[in-house]
Structure formats: C-alpha cells, structure tokens
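Starting from the known structure of chain A, arrange chain B on it as the hints suggest.
Number of protein chains: 2
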Amino acid sequence: MFTKIARNVVCAFIVCLATFAQGPAGGRIVLNPKFQAVQDAIARDHDRFVRELIQITEIEAPPFKEEKRAQAFAEMLRQSGVTDVEIDAEGNVIGIRKGSGNGPMIAIAAHLDTVFPEGTNVKVRREGSRLYAPGVGDDSRALAVLLVVARALDAAKIQTAGDILFIGNVGEEGPGDLRGMKYLFLKGPYKDKIKMFISLDPYGAGNDITVGGIGSKRFKVTFKGPGGHSFGSFGLVSPAYAFGNAVTKLSRMQVPSRPKTTFNVGVIGGGTSVNSIPMESWMEVDIRSETKEELNKAVDTFTRLMHEAVDEENRARSTSQGRIEVEVKMIGDRPFGQIPMSAPIVQTAAAVMQSFGMTPIYGTSSTDSNIPLSLGIPAVTLESGGTGGRNHTLDEWIDVEKTASVRGIQVAAGILLSLAGIQ
Amino acid sequence: MFTKIARNVVCAFIVCLATFAQGPAGGRIVLNPKFQAVQDAIARDHDRFVRELIQITEIEAPPFKEEKRAQAFAEMLRQSGVTDVEIDAEGNVIGIRKGSGNGPMIAIAAHLDTVFPEGTNVKVRREGSRLYAPGVGDDSRALAVLLVVARALDAAKIQTAGDILFIGNVGEEGPGDLRGMKYLFLKGPYKDKIKMFISLDPYGAGNDITVGGIGSKRFKVTFKGPGGHSFGSFGLVSPAYAFGNAVTKLSRMQVPSRPKTTFNVGVIGGGTSVNSIPMESWMEVDIRSETKEELNKAVDTFTRLMHEAVDEENRARSTSQGRIEVEVKMIGDRPFGQIPMSAPIVQTAAAVMQSFGMTPIYGTSSTDSNIPLSLGIPAVTLESGGTGGRNHTLDEWIDVEKTASVRGIQVAAGILLSLAGIQ
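So the protein sequences, as listed, match chains A and B.
Heads up, my numbering is the position in the first sequence plus 85, with the first residue counted as 1.
Heads up, my numbering is the position in the second sequence plus 85, with the first residue counted as 1.
Isolated chain A (complex conformation) (with noise of 0.2 angstroms):
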C-alpha cells in the first residue's frame, strides 16, 4: 500500500532531507566483507528468486482468505533457512533467524494479502523483464525478498547480534484493517519482544523511507428503505436514488492537497433484482488524511452529505410506505503514527541507502507501520526494490531486471544487518 505520490508530496509537507548525515552502523556495513557475501549471494539467487514471486503471486490471497498463500509462504520460509516457523492464531506466518542474544529483535514484514477478491485470475504473464499480474508488486515481491535475504545471510555465515523475526503477515489491505500487526504487537507471543520493525511493501528502487503512518477510517454506508415493486410502487422513496445522490455529493467533496487527504468510494452492492424497489443499497468508503486534523473535518463532511442525500430522497418521493435510513458503520481505523527524524531506525536506513549512492527520499504512507509507530515502538517502511506500476488494479506489474532488482534487495538486507547487528 506504499504510494509514491503520497511520500514525495508529503516530503515536502512533513520534512524532507535530500541530504543526510551517515548514521555509523549504516555508513559502515558496505565496507564490512561479510556484507558483501550477503551481497554476492543475493544476486546469484536472483532466478530463484523470481520463481518464487511468481509462484507466491500466483496463489490468491484475498483479504480474510490468506491461508493457502500462508501455508505455502511457511514452507518456503522453512527452505529458506529460517526456524520456528509458524503460523499465529491470526494467520500471520512467523519464523527466526537466531541472533547472538546480544542485541534488540528486529522483525521484518511482508503482507500476504492483496486487495483482489476470489476468483481473479493471478496467473503471471511475462513480457522480457516484465511480470504481470494483480498483486505480483503489492506485495508478492516483498515476500520473496524476505525468503532470498534469509538464504543470504545463511550462504555468508552472518551471525547477527538480535534475532530476526521474517513475517509473511495477514491484514494489510482493504477490510483487514492492519489486524496482522494489531494482532503481532497487542496480543500474539512476540507482543513487547520487538523493538524495531521494517515493512517492506511493493516494489520501487529502494531509497524511499515512510516515516509517518497515514491516518485512515473506512466506513460501510448503507441506506435502507420500505422497497417495493419497480412498476406497482413506483414513486416510492428508494435507497438507490439516496445512494446515488450521496456517492455525487461525496464525489465533489472538497479536501485540501496538502496535507493530503483523500476519498474513495471502493465496493458498491445492494438489491434483490432488477424489477424491485431495493431495500438496500450500500457502498465502503476509504478516507485518509496526513493530519488527523484533516481527517476528522473530512469524516464529518462525509457524514453529513450521507445524510443530506437521504433527507433529500425522503423529500423527492413518497415516504408512504416507509422512510429511507441511512447508517455509517466504521469499518476501519488506522492510527496515526510518527517517528523522528532523529531516530537510529530512521538515520541508519538513510546511511545505508546513501552508502549505495541513493538520495532519501521522507514521506508517508498507510501500511502495516502503523501500528508499531503508534505503539512508540520504532518503524519504518521500505521499498523492495525494482520498478513497478498499477497496483491495486489488474494491470499490476513489476520490473524484474537484473540489476536494479538486485539493488534493492540488497539495499534491504543492509539497512536489516546495520539494525540487527553483525557480530
């Protein structure tokens, strides 16, 4: 759910360090000769690496339906090296990679689930370097960047000072409301055993750094009304009628650029058939704002319209066998969260990219960070490297060439080992 657009207009809006000082974990990793092992090993896994992704994105994993994609993603995390692999009461696969006990647990993440429901076809078409299919870039590639990291640290015999938790998590997207993290951080067994998280969402080269959750609700707005016969009860008030008005009225809502804040009407649905009056007629809808202030006026303007829309259809035709309703259900609740600058996570993903003669580029975004930052427990989210386009949509594709996906892998583990520590 990493969105350019959001950190380079928030880049500006927030902070936005085009230059940055090298942190000393990060600046020293490139020259540590284990490292470049790391390296080495990633780039020789690169056509393995490229089978996986496509055989993760190639198993659905709508949101609340992520086992089969979790069962598989466990096995592949167990062939990768990685111990204690399991999946958790919530459906998050977790596994570790045992430090030395003598530093912080570090976790990293890539979501399982994509915003496709059942039934799409996630078949991967490939065009030279290109890989097409919903959701190969948000966040298949991310998963299989966590299983080639693993192999990498094992081929060059990395002994790192924390342990590294790698998670395959549930959740992220849509209806899930981050209830993987939610679960992992407030309930699960490793609650209060992490002390920095990295999220790795879709692809892009790998020196973007989300610092700032973006806060979001989601609603499901149903409007509800007597119903009826399209010919006999013609005249009658109809849900659809209200709906309708209220999904124009919202389409013209005004919210400002900066800080960016957003509106969208996502799933629609309601009605028995197409010669009744419906007695429902319902629609989700995404709000997200960089300030919570924002979100909270435009949550309010919302509301409002919603209800203007049914007293207008209540006006408009006969309420005689009965009133259109309308109820605004809060489906989804993403905290704000936000880390300093200053902070070690955030200085030391700034020397490693740097190190690789990559600019930061600040911004923020809405994904599984969330959590942690609103916990006060430090997070960041990051690129899985390539390039890539369309997500969240069935033209979805990614760049899997060679050397600018290596990079970003690579950049990845770095930022990981100068986090977690090589003894």
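Derived from the structure by calculation, the hints contain no laboratory data.
In this text, a Cβ means the ideal position worked out from N, Cα and C, and glycines have one as well.
Treat the hints with care, since some could be wrong.
Cβ-Cβ distance ranges computed for the label pairs, FRET-style [unchecked claim]: (1) Gly354(A) <-> Glu171(B): 32 to 40 angstroms; (2) Met338(B) <-> Gly354(A): 39 to 47 angstroms; (3) Thr388(B) <-> Ser214(A): 55 to 63 angstroms; (4) Arg408(B) <-> Gln156(A): 36 to 44 angstroms; (5) Gly320(A) <-> Pro202(B): 23 to 31 angstroms; (6) Leu479(A) <-> Ile416(B): 35 to 43 angstroms; (7) Gly354(A) <-> Asn117(B): 53 to 61 angstroms.
Leaving out everything else, chain B in the frame of chain A:
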C-alpha cells in the same frame, strides 16, 4: 408481477367498464350444478391448499434456479390428478387434464420463480390468517390454486370440451425475461396448440382482468475505468462517481403518470476493495410504459443521461490513466400486447365475475400474458383470490382468511371452466 396501482391507473387511461354485459358462457356457469360441486370441493379442500401454498413458498426459486421448486410442483400436480406431467427443456412444469376433444386447448399458468436471490429466508411466518414470507403471494399462492382447482374438477367429475394445460412456468420475474412463456409459445411441444391463456398472478379479490401487457426494457449499465490505489491514485476518474451521478440524473428523469411510465435502479455492484478506485461499477435498470412511444422516449433519455454522467466524470477528474467508458446493454425486452375488450375471453371473465357479484376492473401490467398477447393469442391475467401486499419485498404477506380466499379460487375456476366448456 400483477400490480394494483397499475391497473387502477390504467383503468381510466385505456378503457374502463364498470359494468359489463354477461357473456353467455360466463353467465351460465353459476347455474350449472356441476360447477356448484366444483365450488364445494374448493371450499372443502382449503386447509390442504394452505398447507401446499406454504410448502411451495418454502422451496427457494430464484431466477434461473427454479428447478427444485419445479420438481416438487410437478409431483404435487401428479398427486392432484393431472396427467402427462413433464418439465420441458426450459424448465416449465406442464401437465394435461384431457377434454373430450370438442373444444380448443386452454392453458392456465402460475410462475415458479421469485425475485429473491439464493439464501433468502423463505420460511413462512403465520399470524392468524396472515402468512408472511418472500414470494408467498407472488406467485406461490397461484401455484397452489392450480392444484386445488385440478382436484376440484376431478372431485366434481367435470368433463371439459377442450384440454386444459396446467403450467408452473419459469422466468416471469427479473432477468427471466419471460423465457418460460417464450419457450412455451415459440418452441415447445405445445407451440401453436394453445388457443387461450390465463395467467394467475398474486392474490387479489378476483375482479381484476389484465387486458394489456405493459412493455418493458431492462438494461445492465456498466461504467468502466482505469482503477487505482485509493490514496496514491486519488484524483483519477472513478466509475463509482460516474455511476453515482448517473443514478442521480436518472432519479430526476421526468416521466408521464399517464400513460404510466416508470424506471427503477434494482441491483447494483462493482469494486474490489475499499481502498481501490473501482475498475467497474454497474447497475440493472428496469424501464416500463403503457405505450411503446413513451417507453422508447424514456429509454432514449435514460441512455443519454448515462453518457452525460460519463462525460462529466471525464471532465471532473484526471484521465491520465484512462477514461471512464459506459456500456448500456439490454438484458430484457418484454413485448407490448393488447386484447380487444370485445374478445370472448375478456367477456367471459367479466361475466363470471359479475355472476359472483363482482365489478370487473380492467388494466394493463407486465405479466406472462405479454407473450401470447404479442402473438395474437387471447390471454388474460387474473388474480388468485385473497388479499395481500408488499410483494417484491422481504415483508410480503397474504391473507388466507377462508371466505375471501375460497371465493377468488372459485371465480378463477369458473372462468377456466366457462372457457374450456363443461360437457
């Protein structure tokens, strides 16, 4: 799909005969002692009629999924003495009660399908003489009427001149597009053999005669666009907003009350997740009118409004990733049909009603009779007795209070026998 409102309005519009000369056949029937025996048998059989009506209602029969109810109804028809019962290639249940061969074949039909989708709770709730359940009146009551009438003819040892076809047909509601009738009259084994047709639609006192088939056209309107991430791609055109605007425009479309012309947005759908701009939003629309001219006018306006909404959306937001397009696909087309008031079938029906002390009311509607009427085959749609309301909603109910319920069945049986001729 019979509608009181329709008929009452149209009564004034087309032609309204509050009194009507008794046709010879219709007037005589009540004096026939054999018909008295039929009436007595109907009254005696009322408890079983109610049991069967409940039994039929509690078998779901969504459009295109009438099979289970069809099988049960076929068996009940056999148990009621009807012979040669079969389910034709389209799914209609058809059985014969042989006449002496001295008269034309007459068919009497009730429809198996309801407007309700699979999974609807169709359990009947009884409060006194009221039965509540989706589909209990439309058209389960009429199906049960066929059974009780068939048994009463046997009980009274009636020999008719013409064969009587008893039909439980598919495809009257929603997307069925009268497929049962189209097959029966245009393709099936009884094509060209049926010379008169009676359709029994929901409950009602028994003095309504539908003499005209209202035309309707049905559409699936699909708005398509490039989709995208709700936050990252905010500002792109959305099919949901074109959809909302289109519904709003349609809700404000001006249509005449005489000739009655109506429109309805029934079922809506589309979208993949709350946090994705949908690639598709769609609706099913029903447009009807009592005249071909007004129907065509309404369809033209509706089509123009759909395109206007698309143009407005393409101007309101960015089309950098693609434009909104709309497809308006016709999914149903019910022909008009009208029978002259002087036709024997109309005169006979009216005369029987008057002999029961009722004042016939004439109207038009959109029922299974549309098909024979459009082919020039005499047809009327009649009520099936009793009272009721709220059809096409989950609150549908009928009253099976014995006096009114029995009387409606007796009237229908009287009309049937007057047309078939008692030997």
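Hints, verified against the model:
Look at Gly354(A) against Glu171(B): about 39 angstroms separates their beta carbons, and that is inside 32 to 40 angstroms. The beta-carbon spacing between Met338(B) and Gly354(A), approximately 23 angstroms, falls outside the hinted interval of 39 to 47 angstroms. Checked against the given bound of 55 to 63 angstroms, the beta carbons of Thr388(B) and Ser214(A), roughly 45 angstroms apart, lie outside it. For the hinted restraint 36 to 44 angstroms between Arg408(B) and Gln156(A), the CB-CB distance of approximately 42 angstroms keeps it satisfied.
Taking the beta carbon of each, Gly320(A) and Pro202(B) are about 25 angstroms apart, inside 23 to 31 angstroms as hinted. Between Leu479(A) and Ile416(B) the CB atoms are about 24 angstroms apart, so this pair departs from the stated range of 35 to 43 angstroms. About 55 angstroms separates the C-beta atoms of Gly354(A) and Asn117(B), a value consistent with the hinted range of 53 to 61 angstroms.
Violated hints, listed in ascending order, are 2, 3 and 6; each of the other numbered hints is respected by the structure.
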